[in-house]
Amino acid sequence: MLRSDRRTPNGQQRLRRDLISAWAPILIPLAGSVGIYVCLMTPWRSNPRMLGSGLILGSVMAGGVWLLPASWSWDVLRFALSGGMSVVGAIVLVTGRSSRTSVCGMTVTLAGMAALTLGWGSAAAFFIVVAGVLLPLGTAAALLATHIHSRRGAAECVEPAMACAMGGVLAGVLICGVRFSHDGGLDRNAAIRAEDQRGLALAGDVRRSGKTNPEQTERILARRRASSDMPMLADALSREHEATVVLVTVLVAFACSGVWLTSGRWNRDQKGRVA
Amino acid sequence: MMPVPVLTLAAVLFAIGAVGTAARRNPLVNLLSLVVMGQSAVVTLLACATYYGQPDGHVFALISELIIVVHVAIALPLALEDSRSAETEAGDGVDVP
Numbered sequence: 006m007l008r009s010d011r012r013t014p015n016g017q018q019r020l021r022r023d024l025i026s027a028w029a030p031i032l033i034p035l036a037g038s039v040g041i042y043v044c045l046m047t048p049w050r051s052n053p054r055m056l057g058s059g060l061i062l063g064s065v066m067a068g069g070v071w072l073l074p075a076s077w078s079w080d081v082l083r084f085a086l087s088g089g090m091s092v093v094g095a096i097v098l099v100t101g102r103s104s105r106t107s108v109c110g111m112t113v114t115l116a117g118m119a120a121l122t123l124g125w126g127s128a129a130a131f132f133i134v135v136a137g138v139l140l141p142l143g144t145a146a147a148l149l150a151t152h153i154h155s156r157r158g159a160a161e162c163v164e165p166a167m168a169c170a171m172g173g174v175l176a177g178v179l180i181c182g183v184r185f186s187h188d189g190g191l192d193r194n195a196a197i198r199a200e201d202q203r204g205l206a207l208a209g210d211v212r213r214s215g216k217t218n219p220e221q222t223e224r225i226l227a228r229r230r231a232s233s234d235m236p237m238l239a240d241a242l243s244r245e246h247e248a249t250v251v252l253v254t255v256l257v258a259f260a261c262s263g264v265w266l267t268s269g270r271w272n273r274d275q276k277g278r279v280a
Numbered sequence: 135m136m137p138v139p140v141l142t143l144a145a146v147l148f149a150i151g152a153v154g155t156a157a158r159r160n161p162l163v164n165l166l167s168l169v170v171m172g173q174s175a176v177v178t179l180l181a182c183a184t185y186y187g188q189p190d191g192h193v194f195a196l197i198s199e200l201i202i203v204v205h206v207a208i209a210l211p212l213a214l215e216d217s218r219s220a221e222t223e224a225g226d227g228v229d230v231p
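Here the protein sequences line up with chains A and B, keeping their order. Be aware that the first sequence starts at 6, since it is given in the numbering used here, and climbs by one per residue. Be aware that the second sequence starts at 135, since it is given in the numbering used here, and climbs by one per residue.
The set of hints was computed from the structure by calculation and includes no laboratory data. Fair warning: this is a prediction, and the values are worked out from it, not measured in the lab. Incorrect hints may have been included.
Far from chain B, some chain A residues (derived; all Cβ distances over 12 Å) [said to hold, decoys possible]:
1) 28
2) 31
3) 36
4) 39
5) 40
6) 42
7) 43
8) 98
9) 111
10) 122
The following label-pair restraints were derived from C-beta to C-beta distances [to be verified]:
11) 39/A <-> 141/B: 25 to 31 Å
12) 197/B <-> 81/A: 27 to 33 Å
13) 82/A <-> 186/B: 34 to 40 Å
14) 137/B <-> 42/A: 23 to 29 Å
15) 149/B <-> 28/A: 33 to 39 Å
Some but not every residue of chain A turned toward chain B, in silico, with C-beta under 7 Å [what the hints assert, rightly or not]:
16) 89
17) 95
18) 104
19) 107
20) 118
Think of the CB as a built atom: it goes at the ideal place given N, C-alpha and C, for glycine as much as any other residue.
Given these sequences and hints, build the entire structure.
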C-alpha cells in the first residue's frame with residue numbers, strides 16, 4: 006500500500022484489515038497454546054481460575070487454529086497445535102490430583118480433537134457438537150446434580166461445573182462460528198488445490214511431450230499465489246457479520262479469563278488454606 | 135492429511151487413556167480416561183473414513199460417539215457419587231486415591 010493511501014479512511018481500513026489478516030492467524034493459536042500450557046501444566050493449575058482460563062483459552066485455540074491459512078505447511082502446524090492440545094489435555098487428565106483438574110483436562114482434550122477433526126465430514130461435525138458442547142455440559146450437569154443431591158460441597162462444585170459449561174459453550178460457539186464463517190473459504194481452497202493438481206498434471210504432460218504452454222503455466226502460478234495468500238481469514242473478514250461474531254466471542258473469552266483471574270476468591274482460598 | 139500422523143496421535147491418546155485407567159484409582163479419572171480411549175478410536179475411524187473416502191467409518195464413528203455419550207451419562211453420576219466420599223475439598227494439593 007502506498008504511504009499516501011494510509012491517510013484516507015479507506016486506506017486506513019485496508020491497512021487495519023491487512024494487519025489483522027497478517028497477525029491474527031498466528032497470534033491466536035500461539036496465545037492459546039501458551040495459555041493452555043501456563044494454566045494447565047504449571048503448579049498454578051491448583052487455582053480454579055487458572056483452570057477455567059485454561060478451558061477458555063483452549064476453546065479460543067480450538068477455533069483459532071482454523072484461522073490459519075489453507076496450505077500444506079499451515080495444515081501441518083494446525084495438526085501439531087490441535088494434536089498437542091489433545092495430548093496436553095490427556096496428560097492433565099491423567100496426572101491431575103483433583104477431579105476438577107481431570108475434568109478440565111478432558112474438556113481441553115475434546116476441544117483439541119474437535120479442532121483436529123473439523124472439516125472431515127458430517128460425522129466430524131457431530132463429533133464437534135458432542136465433544137465441544139454436549140459432553141462438557143453433561144459433565145457440568147452431572148457434577149451439579151450429584152453435589153446438590155448430596156447437599157455437601159455445592160459451592161465447591163459450582164466452580165468446575167460453570168468452567169465446564171463455559172468452556173464447552175465457548176468451544177462450540179467458536180468452532181461452529183469459525184467453521185461456518187470459513188465454509189466458503191474451505192470449499193474455495195479445496196477447489197483451488199484440486200485445480201492446481203490437475204494443472205500440474207497437465208503441465209507435467211506438456212513438459213514430457215517437449216511442448217510449453219505459457220498461458221497454462223501463468224494460470225497455475227496465479228492459482229498458487231491465490232491459495233497461499235491467507236484466503237480463509239480474508240473470506241471471513243469480507244463477511245463482516247460472521248467475522249464479528251467470532252471476534253467478539255474471542256474477546257469475551259479473554260474478558261472472562263481476566264475477570265476469572267482477577268477475582269478475589271483465589272486470595273480467600275489461599276488464606277483459608279494457610280490458616 | 136495422511137492418516138499416519140493422525141493414527142499416531144490417536145495411539146498416543148489411547149496409551150495415555152490406558153495409563154490413566156490402569157494407574158489411577160479415582161473412579162472419575164478412570165471413567166474420563168476410558169472416554170479419551172473411546173474418542174481416540176473415533177478419531178481413528180474418522181481419519182480412515184476421510185482418507186479412503188468411504189462412509190462406513192463415519193457411520194461407525196456416529197454409533198461409537200452415541201455409545202460414549204450414553205456411557206458417560208450413566209456412569210458419571212455413579213462415579214462421582216463413589217468418589218465424593220473420598221475426595222477432599224482441597225484442590226491440587228492433596229492426592230485423591
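Does the Cβ-Cβ separation between residue 149/B and residue 28/A fall within 33 to 39 Å? holds (37 Å)
12 Å cut-off, C-beta based - residue 98/A kept clear of every residue in chain B: Given that some Cβ of chain B is not farther than 12 Å from that of residue 98/A, nearest at about 6 Å, it is violated.
Verify that the Cβ of residue 39/A lies farther than 12 Å from every Cβ atom of chain B, and report whether the claim holds or is violated. holds (20 Å)
Against chain B, does residue 111/A hold up as non-interface, every C-beta pair farther apart than 12 Å? At roughly 5 Å from the nearest Cβ of chain B, residue 111/A sits no farther out than 12 Å, so the non-interface label is violated.
Is 34 to 40 Å right for how far apart the beta carbons of residue 82/A and residue 186/B are? violated (25 Å)
Was residue 28/A rightly flagged as not at the interface, with every chain B Cβ beyond 12 Å? holds (26 Å)
Should the label of residue 31/A as a non-interface residue stand, given a Cβ cut-off of 12 Å to chain B? Non-interface label stands for residue 31/A: nearest chain B Cβ at 21 Å, farther than 12 Å.
Verdict on residue 36/A as a residue remote from chain B, using beta-carbon distances over 12 Å: Since the minimum Cβ distance to chain B is about 23 Å, residue 36/A lies beyond 12 Å and the statement holds.
A closest beta-carbon separation below 7 Å is what the hint needs, so does residue 95/A meet it against chain B? Where the cut-off is 7 Å and the nearest Cβ of chain B is about 4 Å from residue 95/A, the hint holds.
Does the hinted range 27 to 33 Å hold for residue 197/B and residue 81/A at CB? holds (31 Å)
Hint validity - residue 89/A Cβ closer than 7 Å to any chain B Cβ: violated (9 Å)
Go through the hint on residue 118/A and say holds or violated, using the shortest Cβ distance to chain B against 7 Å. holds (6 Å)
Of the numbered hints listed earlier, those contradicted by the structure are 8, 9, 10, 13 and 16.
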